[in-house]
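Colleague: Sequence:
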Amino acid sequence: MNSLKVEKDGRVVIVRLHRPRVLNALSSELLDELLAVLRPLDNDPEAGCVVITGSERAFAAGADIREMAGKTAAEMVAEDYFGRWEEFADLRVPKVAAVNGLALGGGCELAMMCDLVIAGESALFGQPEIKLGVIPGIGGTQRLTRLVGRAKAMDLVLTGRVMDAHEAERAGLVSRVVADERVVGEAVEAGAAIAGHGRLAVRAAKECVDRALEGGLRAGVRYERRVFHGLFATEDQREGMAAFLEKREARFMGR
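Numbering follows numbering that gives the first Met the number 0, with no gaps: position 42 of the sequence shown is 41.
Check each hint, because a few of them may be wrong.
Using C-beta positions, here's what the derived DEER-type ranges look like [stated by the list, open to error]:
#, residue 1, residue 2, range
1, Arg20, Lys70, 19 to 29 Å
2, Phe227, Asp41, 36 to 46 Å
3, Glu213, Arg250, 29 to 39 Å
4, Pro44, Glu245, 18 to 28 Å
Here are the computed lysine-lysine pairs in the BS3-like style, where the Cα-Cα straight-line distance is at most 25 Å [claimed, not checked]:
#, residue 1, residue 2
5, Lys7, Lys205
6, Lys151, Lys130
7, Lys151, Lys70
Keep in mind the hints are simulated off the structure, nothing from the lab. For every residue, glycine included, the Cβ atom is placed at its ideal position computed from N, Cα and C.
With the hints as constraints, model all of the structure from the sequences given.
Modeller: Pasting the structure below:
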């Protein structure tokens with residue numbers, strides 16, 4: 000693989016974007032490689048979480064402008080350019096973004112497609128596509144608005160300004176801010192905590208939280224309750240509650 004470096008730490012898979020010359024710009028080739036790595040993990044019981052990270056300088060500085068600059072509108076529509084990123088967003092395996100440096104444009108959108116965002120103090124987030132005569136195209140206007148609200152989203156999208164990690168945390172885009180040198184380690188620890196829980200419950204919880212952004216409160220609460228009820232058909236529910244009552248660590252099996 001030319002655009003990624005992959006390693007494993009227990010049940011956490013660490014995927015590092017590796018296009019240093021272009022600050023990890025998101026190309027079609029990088030997406031192909033990313034999906035090739037992640038698709039099998041959706042059905043791998045030994046993969047409890049994925050950490051997506053970049054370099055000290057950049058998580059990802061944006062989409063690959065050189066790749067798309069010469070395309071026509073007809074070509075963009077015919078290719079459904081960026082459409083395949085939804086496959087990444089829809090993966091059921093939990094994803095933690097470990098962000099140092101620049102997370103701009105497509106990089107910010109990639110972070111928002113993850114379930115947790117852990118940022119170093121040097122991290123910068125933004126959707127500066129307006130400066131290129133376009134708008135965000137990988138869900139930026141939609142996910143950003145849902146996460147940080149209309150006022151902040153309008154500010155970032157229309158002016159193209161960036162916000163630092165602490166502003167991003169206050170706004171609700173970032174889960175935690177840590178020292179730069181702790182970002183990947185913190186993300187792996189969070190991933191290990193997620194992977195240590197019952198796989199069925201983790202995926203159900205992730206789906207319910209995502210559902211909260213897509214519909215009304217009443218329908219969401221009903222959906223959550225049905226999922227909660229359904230988990231009582233699993234061995235993990237019986238094991239988890241038995242372990243609690245017996246004051247011991249649970250041994251989840253993903254069944």
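Colleague: Take the hints in turn and mark each one as holding or not.
Modeller: Hint check:
1. Checked against the hint of 19 to 29 Å, the C-beta distance between Arg20 and Lys70 comes to roughly 22 Å, which is consistent with it.
2. Taking 36 to 46 Å as the suggested C-beta distance range, the pair Phe227 and Asp41 does not conform, at roughly 23 Å.
3. For Glu213 and Arg250, the hinted distance range of 29 to 39 Å is satisfied, since their beta carbons lie about 34 Å from each other.
4. Remark: the range hint 18 to 28 Å for Pro44 to Glu245 is upheld by a beta-carbon distance near 24 Å.
5. In summary, the hint linking Lys7 to Lys205 is supported, as the alpha carbons are separated by about 22 Å, within the 25 Å threshold.
6. Annotation: proposed proximity of Lys151 to Lys130 holds, straight-line Cα distance about 18 Å (limit 25 Å).
7. For the proposed pair Lys151 and Lys70, the alpha carbon gap of about 31 Å is over 25 Å, so the pair is violated.
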